[in-house]
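In order, the protein sequences belong to chains A and B. Each position in the first sequence, counted from 1, maps to that position plus 19 in our numbering. Each position in the second sequence, counted from 1, maps to that position plus 29 in our numbering.
Please note that a few of the clues may not be correct.
Partial list, derived from the structure: chain B residues whose beta carbon lies under 8 angstroms from chain A [unchecked claim]:
(1) 47
(2) 51
(3) 82
(4) 133
(5) 136
(6) 177
(7) 223
Please keep in mind that the hints were generated in silico from the structure rather than gathered at the bench. Where a beta carbon is used, it is the ideal one built from N, C-alpha and C, also for glycine.
Spelled out from the first residue to the last, the chains are:
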Amino acid sequence: MLTAFRVFESIVLEKLLDWASASIEKSLNQPALPHVIIALNATDLKIDEKQWDIKEATRILMSDIEGAISRVPRFGEYALMWRNAGRSIRTTKDLLECYYSSVTVVRIPTHGRYMLINEQIGKLHSEIRQSCEASYWTKKRVRMLSNDEKLQVYLQSAFDHFSQNLDIPFDFVKEAVKNNPIPRDFGGNILKLAIAVKDNNKFVNHYDGPKIFAELSHMVASCLMLNSARQSLLGTQNRWLFCV
Amino acid sequence: MQLLDDIYADMCDEALDNFCNMYWPCSFRNQYGQCCNMKSGHNPKGHQNSTGRILGAGEYKSDFHFDDYADEWINNIRLELEKIQQQVHEIMFRHQSLTEPDAAAKIHRRVMNEFYRNVGDVFQFVSHSTCFSCLRELPEHPLPCGHVLCTPCVQSYGRQAEKTVMKLDSCPLHVVDTEFVNEFPWKIKVKPQYAGIRILSLDG
Chain A
20 MLTAFRVFES
30 IVLEKLLDWA
40 SASIEKSLNQ
50 PALPHVIIAL
60 NATDLKIDEK
70 QWDIKEATRI
80 LMSDIEGAIS
90 RVPRFGEYAL
100 MWRNAGRSIR
110 TTKDLLECYY
120 SSVTVVRIPT
130 HGRYMLINEQ
140 IGKLHSEIRQ
150 SCEASYWTKK
160 RVRMLSNDEK
170 LQVYLQSAFD
180 HFSQNLDIPF
190 DFVKEAVKNN
200 PIPRDFGGNI
210 LKLAIAVKDN
220 NKFVNHYDGP
230 KIFAELSHMV
240 ASCLMLNSAR
250 QSLLGTQNRW
260 LFCV
Chain B
30 MQLLDDIYAD
40 MCDEALDNFC
50 NMYWPCSFRN
60 QYGQCCNMKS
70 GHNPKGHQNS
80 TGRILGAGEY
90 KSDFHFDDYA
100 DEWINNIRLE
110 LEKIQQQVHE
120 IMFRHQSLTE
130 PDAAAKIHRR
140 VMNEFYRNVG
150 DVFQFVSHST
160 CFSCLRELPE
170 HPLPCGHVLC
180 TPCVQSYGRQ
190 AEKTVMKLDS
200 CPLHVVDTEF
210 VNEFPWKIKV
220 KPQYAGIRIL
230 SLDG
């Protein structure tokens, strides 16, 4: 067992952290972080029975590598960076969770107990499904969910972006706005004017949301009046006045 | 007001909601810079500056939220609308010949001029996809000052010079700046109402 987690620490963990830290500062407004599922293949059949349980396997591996952030200087640097940013990093798991939504360990046994293999593969499969679902809901909640077609567009534009410049981060929200242009209805037009006011206002406090919308309310109300008059909705005047 | 509640309140809400989620950056800042993540994409990583650098941990921070402000927003529009209606009525009462659209346009121009004067440099407010005069139609007619108007706005604020030519004495977004400058009155050709658009293609 000891050798197994040492190997994990020096090979797998390093890859997981190096990749994540290289990528994390290369995007803005990323709606969800990836989940990590570690499948430990060809696990010795003699290990403790309870290790076949995902929760238990995860807990044990995480506690084995708990101190890696103080053992491996490179991991220590990553931890320090996050501590400077104000996050409390006590264990390696804390560090992993800065880069990933969740970390799960599934053990797959070596040959011999085929029913057990089948069972563990089933657990792996359901873990993947649950992680996908969690990401789905996270993205849906912030309205950044993309379907198959749109995901392709994201991949394409991320490729275009990084093939031109490796240092400027990819902005997910900007991309979302580009793919879903503001609708050409009254609501969309208010939004466009609001954005223009946000970018060009000369208020004392440039980022004063309530002030922006307080000013806008005059303009919007007047536009409503103008539009309803233009469409000469018969009886509108009375309707508007008396239905207050 | 019924009309506002029926149709427009939802659109106004939607505009505010979208604005808060996708266009209003987090207000966190420290010695490394200003967080530039929006609400929609803030959470997993925390505060990042425009180069992507992680500035600090924590939730999206802002003192401007949809839930807090939505009621006030709609309420403000409602109050303004009442006031403007009143003004339109008064002006129609005083000038009996004025039709409702003309009266509304007159009041609108005043409100709009004040609005653009208050928010900033009117020359920065240029859109080629929205008529920034009425917020409803597609802009089609560029003016020498850079603003682009839709046909109904040209008809509201211009005068008929010839059968299919309108003349604008000033740009309705900023009358004072444009009233007596050389380029104005500006001539705009409009398509006659009953003329269709044809393309003559000579192939060969």
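Cross-check of the supplied hints:
{"no.": "1", "hint": "47", "result": "holds (5 angstroms)"}
{"no.": "2", "hint": "51", "result": "holds (6 angstroms)"}
{"no.": "3", "hint": "82", "result": "holds (6 angstroms)"}
{"no.": "4", "hint": "133", "result": "holds (4 angstroms)"}
{"no.": "5", "hint": "136", "result": "holds (7 angstroms)"}
{"no.": "6", "hint": "177", "result": "violated (13 angstroms)"}
{"no.": "7", "hint": "223", "result": "violated (20 angstroms)"}
Of the numbered hints given earlier, the model fails hints 6 and 7; all others are met.
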